[in-house]
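**Q** Listed below, chain by chain, are the residues.
There are 6 protein chains.
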Amino acid sequence: MSHKKIYEYAVDENMELFVLIKSADVRVAKNGNQFIAFNFSDSSGEISAKFWDASPADTAAYQPGKIVLLKGKREIYQGNPQIKIYRMRLVKEGEPNDPSLFVQKAPVSKNAMEAEFNQAIFEITNPNWNRIVRFLLKKHQEDFFSYPAAKKNHHAFAGGLAFHTLSMLRLAHAVAHEYQEINAPLLYAATILHDLGKTIELSGPVATQYTLAGNLVGHIVLIDEEVVKAAGQLKISLESEDMLLLRHMLLAHHGLLEYGSPVRPHLLEAEVLHQIDQLDASIQMLKGTLSHTQPGTFSERIFGMDGRNFYKPLAETEQPEQE
Amino acid sequence: MSHKKIYEYAVDENMELFVLIKSADVRVAKNGNQFIAFNFSDSSGEISAKFWDASPADTAAYQPGKIVLLKGKREIYQGNPQIKIYRMRLVKEGEPNDPSLFVQKAPVSKNAMEAEFNQAIFEITNPNWNRIVRFLLKKHQEDFFSYPAAKKNHHAFAGGLAFHTLSMLRLAHAVAHEYQEINAPLLYAATILHDLGKTIELSGPVATQYTLAGNLVGHIVLIDEEVVKAAGQLKISLESEDMLLLRHMLLAHHGLLEYGSPVRPHLLEAEVLHQIDQLDASIQMLKGTLSHTQPGTFSERIFGMDGRNFYKPLAETEQPEQE
Amino acid sequence: MSHKKIYEYAVDENMELFVLIKSADVRVAKNGNQFIAFNFSDSSGEISAKFWDASPADTAAYQPGKIVLLKGKREIYQGNPQIKIYRMRLVKEGEPNDPSLFVQKAPVSKNAMEAEFNQAIFEITNPNWNRIVRFLLKKHQEDFFSYPAAKKNHHAFAGGLAFHTLSMLRLAHAVAHEYQEINAPLLYAATILHDLGKTIELSGPVATQYTLAGNLVGHIVLIDEEVVKAAGQLKISLESEDMLLLRHMLLAHHGLLEYGSPVRPHLLEAEVLHQIDQLDASIQMLKGTLSHTQPGTFSERIFGMDGRNFYKPLAETEQPEQE
Amino acid sequence: MSHKKIYEYAVDENMELFVLIKSADVRVAKNGNQFIAFNFSDSSGEISAKFWDASPADTAAYQPGKIVLLKGKREIYQGNPQIKIYRMRLVKEGEPNDPSLFVQKAPVSKNAMEAEFNQAIFEITNPNWNRIVRFLLKKHQEDFFSYPAAKKNHHAFAGGLAFHTLSMLRLAHAVAHEYQEINAPLLYAATILHDLGKTIELSGPVATQYTLAGNLVGHIVLIDEEVVKAAGQLKISLESEDMLLLRHMLLAHHGLLEYGSPVRPHLLEAEVLHQIDQLDASIQMLKGTLSHTQPGTFSERIFGMDGRNFYKPLAETEQPEQE
Amino acid sequence: MSHKKIYEYAVDENMELFVLIKSADVRVAKNGNQFIAFNFSDSSGEISAKFWDASPADTAAYQPGKIVLLKGKREIYQGNPQIKIYRMRLVKEGEPNDPSLFVQKAPVSKNAMEAEFNQAIFEITNPNWNRIVRFLLKKHQEDFFSYPAAKKNHHAFAGGLAFHTLSMLRLAHAVAHEYQEINAPLLYAATILHDLGKTIELSGPVATQYTLAGNLVGHIVLIDEEVVKAAGQLKISLESEDMLLLRHMLLAHHGLLEYGSPVRPHLLEAEVLHQIDQLDASIQMLKGTLSHTQPGTFSERIFGMDGRNFYKPLAETEQPEQE
Amino acid sequence: MSHKKIYEYAVDENMELFVLIKSADVRVAKNGNQFIAFNFSDSSGEISAKFWDASPADTAAYQPGKIVLLKGKREIYQGNPQIKIYRMRLVKEGEPNDPSLFVQKAPVSKNAMEAEFNQAIFEITNPNWNRIVRFLLKKHQEDFFSYPAAKKNHHAFAGGLAFHTLSMLRLAHAVAHEYQEINAPLLYAATILHDLGKTIELSGPVATQYTLAGNLVGHIVLIDEEVVKAAGQLKISLESEDMLLLRHMLLAHHGLLEYGSPVRPHLLEAEVLHQIDQLDASIQMLKGTLSHTQPGTFSERIFGMDGRNFYKPLAETEQPEQE
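Protein chains in written order, with full-length UniProt numbering: chain A, 1 to 323; chain B, 1 to 323; chain C, 1 to 323; chain D, 1 to 323; chain E, 1 to 323; chain F, 1 to 323.
Check before you lean on any hint, since a few could be wrong.
Since the list gives no way to pick one copy over another, a pair counts as held whenever it fits inside one copy or between any two copies.
Unchecked claim - Each computed SDA-like pair below joins lysine to any residue, with the alpha-carbon atoms no more than 25 Å apart: (1) Lys151 <-> His266; (2) Lys4 <-> Gln82; (3) Lys312 <-> Ser203; (4) Lys312 <-> Tyr179; (5) Lys4 <-> Ile76; (6) Lys287 <-> Tyr179; (7) Lys312 <-> Thr208; (8) Lys105 <-> His177; (9) Lys5 <-> Asn97; (10) Lys287 <-> Glu181; (11) Lys5 <-> Gln104; (12) Lys4 <-> Ile85; (13) Lys229 <-> Asn128; (14) Lys151 <-> Glu300; (15) Lys312 <-> Ile200; (16) Lys50 <-> Ala37; (17) Lys73 <-> Asp58; (18) Lys4 <-> Ser43; (19) Lys235 <-> Asn215; (20) Lys4 <-> Leu69; (21) Lys71 <-> Asn97.
Hints in this document: simulated from the structure, not taken from any laboratory. It should be emphasised that the depicted structure is a prediction, and the values quoted were computed from it without experimental measurement.
Put together the whole structure using the sequences plus the hints.
**A** This is the structure we're talking about:
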């Protein structure tokens, strides 16, 4: 058996490999039999597959979180990658058994990310913002580095939340560098915190669901709540301009009321935060989709990009030398 | 001199009466001279008037909060009531001098309102909601009974906030009575608190402006902040379903994201709260406008009702006997 | 055989009971065989079920309006209740055979409803409105008390039209009581008539469809036509303010042009009518949905509430004492 | 004194001519004095003018409907034609005094229009539609030929209603000729009736206002009412398909619910009626505006065309020979 | 074997006939087997059909462009016509084998269309527009007379592009005749060219797809490109008013930015072009749909008409005599 | 006389300085006299002022492009800076007389900008894109470095077009550096060209108006035309993928059809181009507005930011050390 990963197989190639069951929906087919709609994953990505005529034993055995040995064929169905299953079984003694090895990970290590965050925090020269950021990052540290940034669409992988935050921080740095009028400490502090409420909104890195607090309150107000409580514990006045500015940045970062911000941006830095959030999310979604698209064709339609499909050019991309 | 109030004069009647200067905007006319755009008020309502060719002495003397003796004529200008000023001067020794006697007031006394609120609180049988409501009502008691419910449009008079809340509470009572499935204590608790953040969002009962917190955070998140802090002080867990339900009610009460709620209603009671809020605000706006409209004509266009104008029928309204 | 009703069975419990075939759609499955998509009902509500591999004899026998003896299991499929069919047959001699016993009914008897309507009509002190209301209610009496209020979504049960009208009348009474400015007779008259055009728009209480007049003219203009013809027969001038007010109430009751009203509300009472119509429809839809939702979970998405799903709290609701 | 008409004077030319006062709004200038905002007209069109520092005698004398001798200068103000008034006075004995000679008229005589309508009615071979059309045209004949088609924007001149109807009838004829599938009698009948409700919606050909019925019911439902009453008098069943089709045509002719139709078009002929209505209205509005626009420039923004301005080319238009 | 065409068979009649495979989508059914979703056509129109449990040999054999002998039954499925396939095979030697005989064609011959276009070109008296039109029509002549006007919805048949253009030209003629202010040569020139870019946007008359240029540039800018290049070759100045007017007509013909026009119409003729384009497209879509609808019923919902369904009256249409 | 610039004077300070008349609109005041609405400028920015009771000699003398000696006072009127004019006259012999010294300029010199553009062009390694960019930049060089980027709102100063392009190029560089998947040469080429059509759309750096081509064709299609013609002259095939990609980038850069792009972005790089265009435009608008806003207050509402006003914090911004 080779050791190729899911996306190292070519389309129409036969596959034999270990994969993690990411999700497993049992449904009834139009012929009355049950089938299982799987999402499998390994470190190269996720892929869907259907298991027809599933017996009760099958539906009991193939639960999310299990690792299986899979034989099948890589296919394209209506523009999307999927696997046609020939045979599958649970792993045995002595075969790979650690789910954490079968999930896509942020392309930067946790240590490297932490180092960059620390450098940015060092540049948050305003003491109130600095203390709030350090307090909350410490409080939610573990989840921050393991959660995805979203249930799906963009950065939906383990560590995606921290990695999305890091990418934005790099953009924030570039933008603050280019436009001296921007209050960089404010922009950095808000960038780091802006999606931290997702550690409360979402259930965790695996089989990610919205929590009740996520559904009824939402991550924007949840991070505001965290800031309010942190200020109380750190004896920072919530009536100071500093705190109103920081909270405004977080509350307004979705940009439009229709997107769930209770206020629209009314600070230069809040507008910038919103726009670099969009920019990073868009690029990440497109990167992910285009990585599985054939050159010279259009991708499937992307829900998070208003249902547009994107063209992957034939021409090989020659990058200019980067300094 | 008679003792008639502003709206006791007929259109085109000459007036002589004491009024309060509610607001006084100094502007430059197209001929280059300054004029003052006044809003005058007494207990019968507000009315606008223009003072042409104002000298520096005039603009210095006629400040908001002052009471003046006014001679003029009641007029209608493009459908709106206004006064043509003949002459005016500040009051002298011995003349009326207490601004609080010249503002429109809630049609129910503060004592009567408090009694009704207490009765409603008695019906909030859930101890967590009961304690939060009593804590916050006590904390903001003075402002709650003196603030307007809005800068303009609806309930824009002293005590309007409490009165709007009271009207809604009566509607909430009727609706909960009619539909047994409604969780009445939850609806009552949220009704009482829903606009309490306006005591922080607005600057006060006179010359009402938005505060910085009002502009950058907004009254919906401000009341959420108050609940979060109150729960901390009262040792009530913010993770309990009770508290998530109550906060959701408050966060969702504008109904639509476009109206500034960070979440839409996802509870039966939250939907009801939103709709009775709209109903009371609409009726109050229409009452106010129609009270100054001639029977058989259409009112001016009302901004808060999508710019619609409303017809005041000629036919005298005969109320049926109410039990 | 027990005598339990559909919704008295627990999820996953085996069922054996008599039900009415409310609707029966014959479709082709992806394997090329026909199946029947049923809606069954009894007095506890409606539920769907699929009958696979239906023979021509099956599709001929199982017609809407028939009563069958059904064996199966109650299930939840993607959040919605359904029945897995084991076996079914038409009823035999001596078994229950009256369809009217197997439909959901308004929770108030026709007699009780009539008494309340008569009381309200008594309070319509304007003679023109009073005569029009009595004339049209008498003309459409039978249909008014047997039709549903809508094809689906809200009050979609026999007698739903009268019951929805009654609920609104109670709200109208409460609102008119609270705000003395409201012309109560006008509000009551329009409330009673507002949806009466649905007796012409819809085909009837069973297998409800839109009629050609319903599709091409619509219930709003159909009730206007009824009022025009009634005025002719009762010798009431259509040019009187009375009649223009009443017709405006009916024409404007959907509130927005986009919802099919040819004019928006331009009377205080027309605005109130629209809002209490929405309020009652919303509560009724949510009541229906939540009655089948597990505590601690979210309901399915509700089309008539903009696709929102609603949370049913775990906490038992304790109603305050109602006077 | 020359006998030139308003639009026969060049821009910046001094004028001396008789004009009709079409409307006269008395307003207060920013210097506190009254002025009159006039619309003058003669058979060449309308033009606005301001009369500064109007005395009470002026405002009493210069009423709509009066004819005046005017001296002034033709000007362009912000792209719109206007007159700078030097002097004006009411006409004296022996001077022109018939207002009907000073209004713009339909470019086709009433007799010629009647002949064309009669020819079209002859082609309405369906007896029900034929009788309804003849009945209603006769009932409203006088107003139909004297009313404008709208308060402003398009065909806002005496006889505009009949002329707009006639232009559409010609388009309807051309379209029915080109597409044989169209039911021409239905299209012609509905075209003739579609705006006839405006004779009830509007107050008359001069100083045109909306009537109370126009505001509360609207011309679409008013013509439906006329058809309902006519059918009653002519003993034509309102339940026949014929009558439902005709009423649907009239109700749907605004095309979109947002434009006030209570139903959208669901007949081929209803869709065609809506589109030729739009086409004729657009062309007429643009014709009117461009007739006063300088070649090589853009017109003022046109409210009825979504605020767009239109370019009038420099190049002389050479019409091809028309057969 | 009869020689009836697809739509000459009645619903539920058994069929045996030759048809062209217009498209053939291989999909996986819910039971895991493959099936083919066909569109068949002959000169009477198109119809869909499903071929269940397709073997690899089937999917290999039944490719678009092949002609097959088909046995089956005409059916109606959810309001749309389809065929239930009993048996099918590829044609043999000696059986019909020319795909061009099995496609729907424009109802006017190519020669007749050319004659009408030449007459219109003769009326384009402006030499610049005349030369551009003749140059481009000659360049794209073959495609212009063989392409459909759209992938689907309206005029989706061979020659549909020229036929749609011709129908519009006839409307343009009628409108220019009725309103003398219209610059007829400009309207005719732009009408002829307005959709010519579709010969570059679409792949061809069979198995029509969007080209890469179609997807990335779109037919509106593609025809603009053609005009720019033609002007270069014909030495006509692109800065002349003539050329700006013509290009504006083409760029603005979708009417709204949302529909892909980079500018909205700012010429009378551009507005007219847009509206007659819509009118012809609407009528053609409705004609096509209603030709397969049973009298007295509603059609399926039509995507290109905002999802509305249309009623086909029972009453036989009697056309008036056309001169 | 001091040598202070407009914005070096404090609010309410008396001013005496030379300024350029940027625009001068003659209007009629409500008292019937003419006045001139000026925009004055010097290198510190623009400011408005009204000149009351202007004589014909005044309106003749004070034309755009003239330099005047102005005495007045700096004021704030409804949140916007303006000057109250005491006295003004045209400059005399020996006084400053070069308009180019009185306009706001790009904050980077033309030479420095050219150097950066050349460096970027060097990184456009694709020869087709490289040649097109160099060809068009050379063709429009002079205008590119002197035009504003817009009539108003953002970068509305001389050289603004090149400076806006340069700022975006720096952002493009930072983004391409951060995300290796981006085709940097394509992004750079399109960034440089994206607004170059404005040199044809706008009339010039002074008294900027839209040209006829700007109004009827628009800058997006105008740059596409330039690319088409350039490709013809450089013998580059317009059918190559290279050229379709580049044209798509330019056509799609407004992001939404509603904003005038005939196609939405369907390339990763096209999406990025659109977003960094928005980001730079937003920041530039906010910088400009906030530079005239008092700390601790909100700016006036900004049209180009959906009418939002922005808060300028009290707290002094301390920039972190930038490397």
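**Q** Between copies, within a copy, both or neither: which fits Lys287 and Glu181 at Cα up to 25 Å?
**A** between (32 Å within a copy, 7 Å between copies)
**Q** If the cut is 25 Å between Cα atoms, do Lys5 and Asn97 qualify within a copy, between copies, both or neither?
**A** within (16 Å within a copy, 48 Å between copies)
**Q** State whether the alpha carbon distance between Lys105 and His177 is at most 25 Å within one copy, between copies, both, or neither.
**A** between (30 Å within a copy, 21 Å between copies)
**Q** Taking 25 Å as the upper bound on the Cα-Cα distance, should Lys151 and His266 be classified as within, between, both, or neither?
**A** Answer is between: at 20 Å across copies they meet the 25 Å cutoff, but 29 Å inside does not.
**Q** Since the copies are identical, ignore which copy is meant and state whether Lys235 and Asn215 lie within 25 Å (CA to CA) inside a copy, between copies, both or neither.
**A** between (30 Å within a copy, 24 Å between copies)
**Q** At most 25 Å between C-alpha atoms: does Lys4 with Leu69 qualify within a copy, between copies, both, or neither?
**A** within (13 Å within a copy, 47 Å between copies)
**Q** Using 25 Å as the alpha carbon limit, work out where Lys4 and Ile76 are close: within a copy, between copies, both or neither.
**A** For Lys4 and Ile76, only the intra-copy Cα distance (18 Å) is at most 25 Å; the inter-copy one is 40 Å.
**Q** Could you place Lys312 and Ile200 in one of the four classes (within, between, both, neither) given a Cα distance threshold of 25 Å?
**A** between (37 Å within a copy, 21 Å between copies)
**Q** Regarding Lys50 and Ala37, is the shortest C-alpha distance of 25 Å or less found within a copy, between copies, in both, or in neither?
**A** both (5 Å within a copy, 21 Å between copies)
**Q** Measure nothing new, just compare the shortest in-copy and cross-copy C-alpha distances for Lys5 and Gln104 to 25 Å and report within, between, both or neither.
**A** Within one copy only: 11 Å inside a chain, 50 Å across chains, cut-off 25 Å.
**Q** Evaluate Lys312 and Ser203 at a C-alpha cut-off of 25 Å and name the case that applies: within, between, both or neither.
**A** between (35 Å within a copy, 19 Å between copies)
**Q** At most 25 Å between alpha carbons: which applies to Lys312 and Thr208, within, between, both or neither?
**A** between (30 Å within a copy, 21 Å between copies)
Against the hints set out earlier in the document, no violation occurs for any number.
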